Every structure is written in structure tokens, then in C-alpha cells.
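Residue numbers (the working numbering), protein chains in the order written: chain A, 1 to 335; chain B, 1 to 335.
Derived from the structure by calculation, the hints contain no laboratory data.
Check before you lean on any hint, since a few could be wrong.
Keeping only pairs whose Cα atoms sit at most 20 Å apart, straight-line, the calculated EDC-like set for lysine to aspartate or glutamate is [unchecked claim]:
no.: 1; chain 1: B; residue 1: K219; chain 2: B; residue 2: D229
no.: 2; chain 1: A; residue 1: K27; chain 2: A; residue 2: D44
no.: 3; chain 1: B; residue 1: K322; chain 2: A; residue 2: D47
no.: 4; chain 1: B; residue 1: K70; chain 2: B; residue 2: E238
no.: 5; chain 1: B; residue 1: K322; chain 2: A; residue 2: D50
no.: 6; chain 1: A; residue 1: K3; chain 2: B; residue 2: D77
no.: 7; chain 1: A; residue 1: K322; chain 2: B; residue 2: D77
no.: 8; chain 1: B; residue 1: K75; chain 2: A; residue 2: D193
no.: 9; chain 1: B; residue 1: K75; chain 2: B; residue 2: E131
no.: 10; chain 1: A; residue 1: K75; chain 2: B; residue 2: D193
no.: 11; chain 1: B; residue 1: K322; chain 2: A; residue 2: D99
no.: 12; chain 1: B; residue 1: K3; chain 2: A; residue 2: D77
no.: 13; chain 1: A; residue 1: K322; chain 2: B; residue 2: D50
no.: 14; chain 1: A; residue 1: K322; chain 2: B; residue 2: D47
no.: 15; chain 1: A; residue 1: K69; chain 2: A; residue 2: D99
no.: 16; chain 1: B; residue 1: K74; chain 2: B; residue 2: E131
no.: 17; chain 1: B; residue 1: K3; chain 2: A; residue 2: E131
no.: 18; chain 1: A; residue 1: K302; chain 2: A; residue 2: E178
no.: 19; chain 1: A; residue 1: K3; chain 2: B; residue 2: E131
no.: 20; chain 1: B; residue 1: K28; chain 2: B; residue 2: E238
no.: 21; chain 1: B; residue 1: K182; chain 2: B; residue 2: D229
Computed far set for chain A versus chain B, every beta-carbon distance over 12 Å [stated by the list, open to error]:
no.: 22; residue: E11
no.: 23; residue: L37
no.: 24; residue: E153
All figures in this text were calculated on a predicted structure; none of them were measured in a lab.
Every residue gets a Cβ at the ideal spot worked out from N, C-alpha and C, and that includes glycine.
2 protein chains.
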Amino acid sequence: MIKRIGNRTLEFTNQPTVRAYASVAGKKESEGPLGGLFDKIITDSYDGLDTYEDAESQLQTEAMALALKKGKLKKSDIDFVFAGDLLNQCVGSSFGLKDYNIPYLGQYGACSTMAQNIIAASVFVESGAAENAGCSTSSHFCSAERQYRYPLEYGAIRTPTAQWTVTGAGCCIIGNGECKVKISRATVGKIIDLGITDANNMGAAMAPAAAETIAAFFKDTDSSPSDFDCIFTGDLGEVGSNSLYELLQREGIDIKNNHRDCGLMIFERRFQDVHAGGSGCGCCASVLCSKILNDLEHGKLKNILFIATGALLSATTAGQSKTIPSIAHLVNLQS
Amino acid sequence: MIKRIGNRTLEFTNQPTVRAYASVAGKKESEGPLGGLFDKIITDSYDGLDTYEDAESQLQTEAMALALKKGKLKKSDIDFVFAGDLLNQCVGSSFGLKDYNIPYLGQYGACSTMAQNIIAASVFVESGAAENAGCSTSSHFCSAERQYRYPLEYGAIRTPTAQWTVTGAGCCIIGNGECKVKISRATVGKIIDLGITDANNMGAAMAPAAAETIAAFFKDTDSSPSDFDCIFTGDLGEVGSNSLYELLQREGIDIKNNHRDCGLMIFERRFQDVHAGGSGCGCCASVLCSKILNDLEHGKLKNILFIATGALLSATTAGQSKTIPSIAHLVNLQS
Numbered sequence: 001m002i003k004r005i006g007n008r009t010l011e012f013t014n015q016p017t018v019r020a021y022a023s024v025a026g027k028k029e030s031e032g033p034l035g036g037l038f039d040k041i042i043t044d045s046y047d048g049l050d051t052y053e054d055a056e057s058q059l060q061t062e063a064m065a066l067a068l069k070k071g072k073l074k075k076s077d078i079d080f081v082f083a084g085d086l087l088n089q090c091v092g093s094s095f096g097l098k099d100y101n102i103p104y105l106g107q108y109g110a111c112s113t114m115a116q117n118i119i120a121a122s123v124f125v126e127s128g129a130a131e132n133a134g135c136s137t138s139s140h141f142c143s144a145e146r147q148y149r150y151p152l153e154y155g156a157i158r159t160p161t162a163q164w165t166v167t168g169a170g171c172c173i174i175g176n177g178e179c180k181v182k183i184s185r186a187t188v189g190k191i192i193d194l195g196i197t198d199a200n201n202m203g204a205a206m207a208p209a210a211a212e213t214i215a216a217f218f219k220d221t222d223s224s225p226s227d228f229d230c231i232f233t234g235d236l237g238e239v240g241s242n243s244l245y246e247l248l249q250r251e252g253i254d255i256k257n258n259h260r261d262c263g264l265m266i267f268e269r270r271f272q273d274v275h276a277g278g279s280g281c282g283c284c285a286s287v288l289c290s291k292i293l294n295d296l297e298h299g300k301l302k303n304i305l306f307i308a309t310g311a312l313l314s315a316t317t318a319g320q321s322k323t324i325p326s327i328a329h330l331v332n333l334q335s
Numbered sequence: 001m002i003k004r005i006g007n008r009t010l011e012f013t014n015q016p017t018v019r020a021y022a023s024v025a026g027k028k029e030s031e032g033p034l035g036g037l038f039d040k041i042i043t044d045s046y047d048g049l050d051t052y053e054d055a056e057s058q059l060q061t062e063a064m065a066l067a068l069k070k071g072k073l074k075k076s077d078i079d080f081v082f083a084g085d086l087l088n089q090c091v092g093s094s095f096g097l098k099d100y101n102i103p104y105l106g107q108y109g110a111c112s113t114m115a116q117n118i119i120a121a122s123v124f125v126e127s128g129a130a131e132n133a134g135c136s137t138s139s140h141f142c143s144a145e146r147q148y149r150y151p152l153e154y155g156a157i158r159t160p161t162a163q164w165t166v167t168g169a170g171c172c173i174i175g176n177g178e179c180k181v182k183i184s185r186a187t188v189g190k191i192i193d194l195g196i197t198d199a200n201n202m203g204a205a206m207a208p209a210a211a212e213t214i215a216a217f218f219k220d221t222d223s224s225p226s227d228f229d230c231i232f233t234g235d236l237g238e239v240g241s242n243s244l245y246e247l248l249q250r251e252g253i254d255i256k257n258n259h260r261d262c263g264l265m266i267f268e269r270r271f272q273d274v275h276a277g278g279s280g281c282g283c284c285a286s287v288l289c290s291k292i293l294n295d296l297e298h299g300k301l302k303n304i305l306f307i308a309t310g311a312l313l314s315a316t317t318a319g320q321s322k323t324i325p326s327i328a329h330l331v332n333l334q335s
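Produce the complete structure using the sequences and hints provided.
In C-alpha cells, the structure reads:
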């Protein structure tokens with residue numbers, strides 16, 4: 001059963017476990033600091049297929065195949081898959097996972113999708129609805145640029161606050177087997193909208209959502225940043241991370257000393273031209289399903305927070321000069 | 001706790017209840033057979049706002065407000081809201097619900113979203129994660145036409161198999177209070193893709209998914225169509241309903257005598273020019289949150305199946321001549 005603690009944090013009394021995980025990433029990501037940790041690298045943006053969208057779908061197909069293999073699981077062992085992505089109507093997920101024949105629950109949380117998947121999967125496992133549930137998401141630089149900004153052929157100039165969409169996917173399997181990494185608590189985000197309208201500065205739009213969720217978790221659980229080895233955010237990048245510090249400081253919370261942002265971990269910005277850092281559903285998903293879960297599995301990390309943030313806009317709302325509502329979901333992982 | 005019965009059907013042992021529900025619909029829908037049952041009608045496609053997208057968001061804002069009011073609930077009574085829609089990046093839901101300040105889990109199931117919401121909400125309630133959870137979705141004829149087909153100003157001709165996107169929203173609150181209508185069982189759909197590529201014939205694309213889920217439910221629960229007062233499908237329309245009968249007949253299942261499709265219920269096709277019937281997330285959501293839940297609440301129906309179907313394509317995949325993967329989720333409601 002699940003206990004509600006404080007105002008809205010969930011505590012998993014049986015603690016679902018991460019039975020397996022895998023990541024797939026693109027060439028640029030392979031050249032970053034985590035390059036050696038991804039399970040598979042695709043060097044061709046098309047991944048041998050006809051379109052960038054096909055390539056993105058295949059990232060999810062492959063991440064799921066690798067996770068199943070690494071976990072010695074069959075696809076029939078997985079009761080549900082929770083998945084979503086940034087492509088319109090989440091076609092990266094539906095096309096990428098359709099041949100697995102697993103009951104499918106499409107999620108939409110923009111770049112917060114991986115944390116949302118894990119929360120939903122953990123609730124399903126804890127409730128008895130699932131024995132094992134898959135969590136999958138992806139992003140692809142080329143399909144995202146085409147859909148959200150400009151076709152690459154235009155050679156459009158990017159602003160300094162812009163982030164670079166990660167080509168990558170992550171998949172993890174949540175279950176109740178005996179495994180080292182456990183999901184102990186989670187806080188579901190609220191939609192936060194402070195009126196930011198600059199679609200080239202997602203970090204600033206998403207930071208208030210991250211701050212709200214993190215503050216809620218600390219309050220609900222009566223804990224503080226020093227209780228955790230590390231607080232990982234999804235893809236705030238440099239601008240968003242700085243906003244986050246400032247917003248949390250106003251609440252008397254200082255996370256600077258043990259915070260890392262997946263968008264800043266995946267690229268080496270001194271050498272890689274990614275402006276404010278990496279972004280996209282695949283950013284924190286591929287970092288979680290490589291570096292973070294590796295370190296938890298091997299005891300380098302014992303107790304962490306994983307907060308994935310998402311900007312809930314569309315190209316239509318951006319064109320209509322709407323604000324950017326954002327959200328952040330938090331998962332507490334322990335080993 | 002939740003029991004898994006048969007291969008993949010979920011049985012809710014505590015049976016979450018429908019604590020409240022409300023529907024909002026457009027002018028054309030108000031002129032159909034269910035017109036008198038909707039809680040609110042909007043007669044202006046813009047609903048007094050600047051864009052069709054704003055109007056669609058407001059449908060969800062209003063449906064949620066009405067459901068809370070009818071259920072004598074405050075927004076702070078709702079622990080989570082599950083919502084999604086057909087607009088790119090589900091902005092109908094995120095903009096429509098952002099001011100409620102309720103932890104938000106965005107769902108994407110295309111027109112199957114309402115059933116998916118109810119399943120997720122029921123699992124959250126049954127597990128103890130939520131006391132009350134909201135389920136919300138919408139569609140709007142004008143925003144859907146612009147995004148998926150042509151701007152209305154073009155006056156494009158529609159094919160006879162095309163369906164008419166319903167302008168409407170439905171919201172229901174799932175909880176564990178003492179209420180008449182209970183959620184007893186549910187079957188989550190798999191992604192089914194039989195290779196149909198005609199984006200103007202969604203009924204045909206979605207029927208195989210409905211058939212697969214319905215057959216799985218009957219097998220898992222050892223039940224048959226005659227055990228239920230009515231089997232409601234989401235928005236298969238005329239073409240899809242006929243395909244469904246044929247596909248199920250091959251499995252020895254005959255649902256013809258007690259089947260109704262929300263896409264055929266919401267419009268009177270003899271007088272209303274909607275071709276093969278209504279469609280959109282708001283179609284079955286508004287029919288469920290008016291006629292169906294009314295009839296369950298007042299004892300006219302005792303035991304029904306609600307199967308919402310979704311086509312998991314995008315305008316991009318349609319333009320790339322891809323097939324249309326589809327899905328159908330089933331909920332068994334009893335009173």
C-alpha cells in the first residue's frame with residue numbers, strides 16, 4: 001500500500017525496485033562526459049531509417065530491448081508500459097513500442113515524462129496491478145528542431161539561453177523483485193506558470209516548477225538537502241539551475257552543494273556547442289538509465305532525488321504568445 | 001488492493017466510486033439526442049475567448065468546476081488530476097487545468113484518454129495514493145480541424161468515412177466515498193496496428209484495438225456480452241462499429257444486441273451532417289459524463305462496459321504515409 005505523507009508526497013511501503021535499465025544515445029552525446037556509460041550509441045541521425053521520427057521511435061525500441069536483456073526479462077513479463085515523448089501525439093513512443101504487445105498507457109509530461117512514468121509504474125506495482133512495469137521515453141535533436149523550431153536546413157541561429165535537445169532514450173523496468181535500487185517516495189508536481197513566455201529559455205520557465213516540487217517534498221518529509229547524496233534535476237541547464245537556486249533560497253533551502261542537472265552532465269559545454277545545456281525527454285532519461293542508476297546499483301550513491309521538469313507548451317501556444325506552464329515530478333531513489 | 005484476473009484484467013477489490021461528474025458541450029452537440037443532458041452548452045466556438053485552443057481549454061476548466069460543484073467537493077479535495085487531449089502537447093488540458101493547483105499527471109491516449117484516466121485514477125485510489133482523483137479530457141471541432149486537417153476557412157470536402165470531432169469535455173472524480181457508481185474491473189489496451197493508413201477512416205483503424213481489448217476482457221473474466229446491460233464504445237462511428245462486429249464475430253462474440261457507440265449517440269445523423277459519427281476525446285467523455293453515468297446513477301443501467309478507443313497517429317506520421325496504431329481501454333462500471 002501507499003501512504004500519503006505530509007500534504008502530497010507518496011511513500012511506497014513495499015518499495016518497488018528498478019529491475020533493469022538501459023540507455024541509447026546519439027553521436028554528440030557519446031562524445032560527452034557520459035559517453036562510455038550508454039548501452040548503445042547511434043552514430044547516424046536516421047539510425048538507418050527513412051525519417052528522424054522513425055529514428056526516434058527506434059531509440060525507444062532499442063532501449064526497451066536492452067533493458068529486457070540486461071534484466072533477463074521477456075516482454076511477456078512486463079504487464080504495462082508507461083511511455084511518452086515530445087513529438088506531436090507522442091508518436092515516438094507509440095510507434096517505438098507498438099510491436100512489444102504490452103498493455104500501453106501513454107503519458108505526457110514533456111521532459112518530466114521519465115519521472116512521471118516511474119511514479120505511475122511504482123503505484124501500479126505497489127497496488128498489485130502490475131508485477132513489472134516498463135518506463136520509456138526519448139527525444140531526438142533533429143525531430144525536435146523540425147517540430148518546435150526550424151528544419152535544420154535553415155541553419156537558424158540559436159539564442160544563448162537555448163538548450164540542445166538530447167538524442168537519446170532511457171528505459172527502466174519497475175517491479176517487485178529483489179533488486180538493489182528502490183523507489184521509496186515520490187511527489188507529483190503541480191502545473192506552475194509564472195508568466196514566462198520566452199520559448200528559447202525553457203530553463204527559466206521550468207525552474208519555478210522544480211522549486212515548488214522540491215520544497216513540497218522537503219516539507220512533507222521533514223527532510224533537507226543534506227539528507228541526500230545528490231539532487232538531480234532533469235534538464236534545467238545553466239540558466240534554469242541558477243534560477244532554481246535563487247527560488248529555493250527564498251524558501252531557505254540551499255541545494256547548491258549537492259545538486260547536479262542532467263542537462264549539464266550529459267555535455268561538456270567547454271568543447272560542445274550546446275549553449276545552456278541539454279534538454280528533451282531523452283536527456284534525464286538517458287542520464288538516469290546510465291550514470292545515476294549505475295552509481296546507485298554500485299553503491300556510489302545511496303539516497304538521491306530525481307526531479308524531471310517539463311514545459312507544457314506547444315508550438316501553437318508559443319505562436320499565440322501564451323505563457324509556458326511547467327511541471328516537475330520528483331522520485332526518491334535509494335539503494 | 002488490485003487483483004489481476006486472467007491474463008491482464010484488473011479487479012478493484014474496494015471498488016473506487018464515481019463521486020461526481022459533469023459535461024460541457026458545443027452548439028451542434030446540444031442539438032443532438034443528448035442535448036438536454038449536458039451540464040453546460042457553449043454556443044460560440046470561441047466561448048468568448050481569442051482562439052479555439054483557449055476555448056477548448058476552457059471546456060475543461062468548466063467541466064472540472066461543474067463536477068466539483070455537483071459533488072460538493074473543493075479543489076483541495078482532489079489529490080491528482082489525470083488529463084489529456086488531442087491538441088499537440090495536450091495543451092487543452094495543461095492550460096485548462098493549470099489554475100486548479102492540483103498535482104497533475106498528463107495522459108496521452110488520443111480518444112481513449114477518458115478510459116485511461118479512469119483506470120489510472122482508480123489504481124491511484126485503490127492503492128491509497130489518492131483519496132480523490134479527477135479525470136478530464138476535451139476536444140473541439142475547430143481546433144482539431146486546424147491541427148489535423150485544414151483550417152475551416154478552406155472549406156475542405158470531407159470523405160463519407162470521416163467523423164466529426166465533438167466540441168465537448170467531460171470530467172469525473174474517482175474516489176472512495178459512498179457513491180452509487182463503482183469501478184469494478186478494467187482492461188488496459190495494447191497498441192494494435194493492422195496496417196490501415198487512411199487518416200479519414202479512424203473507425204476502421206480503431207476497431208481492431210477495441211475488438212482485441214473486449215475479447216481479452218471476456219476471456220479474462222469468463223463473461224459474455226449478455227452479462228452486461230450495454231457495451232459502450234468511444235467513437236468508432238458507423239464504419240468502425242460495423243468493423244468491430246465483424247472482428248468480434250470471428251472470435252465467436254456477438255455484441256450487436258447490446259452495443260452502443262458514443263460517436264453515434266451524440267449526433268442524430270439523419271438531420272446532422274456528421275458523416276460516420278462523432279469523434280474526439282470529448283465525444284465519449286461528454287457522453288459518459290452525461291447520459292451513461294446518469295443512467296447508472298438512476299438505476300437504468302446496472303452493469304456496463306465503457307471502451308474508449310484512440311488512434312495514436314500524428315499529422316506528421318500521416319504525412320509520412322505511416323500506418324495508424326490504435327488502442328482501446330476498457331472500464332467495467334456497476335451500480
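field: Enumerated hints in conflict with the structure, sorted upward
entry: Those not satisfied are hints 4, 7, 22.
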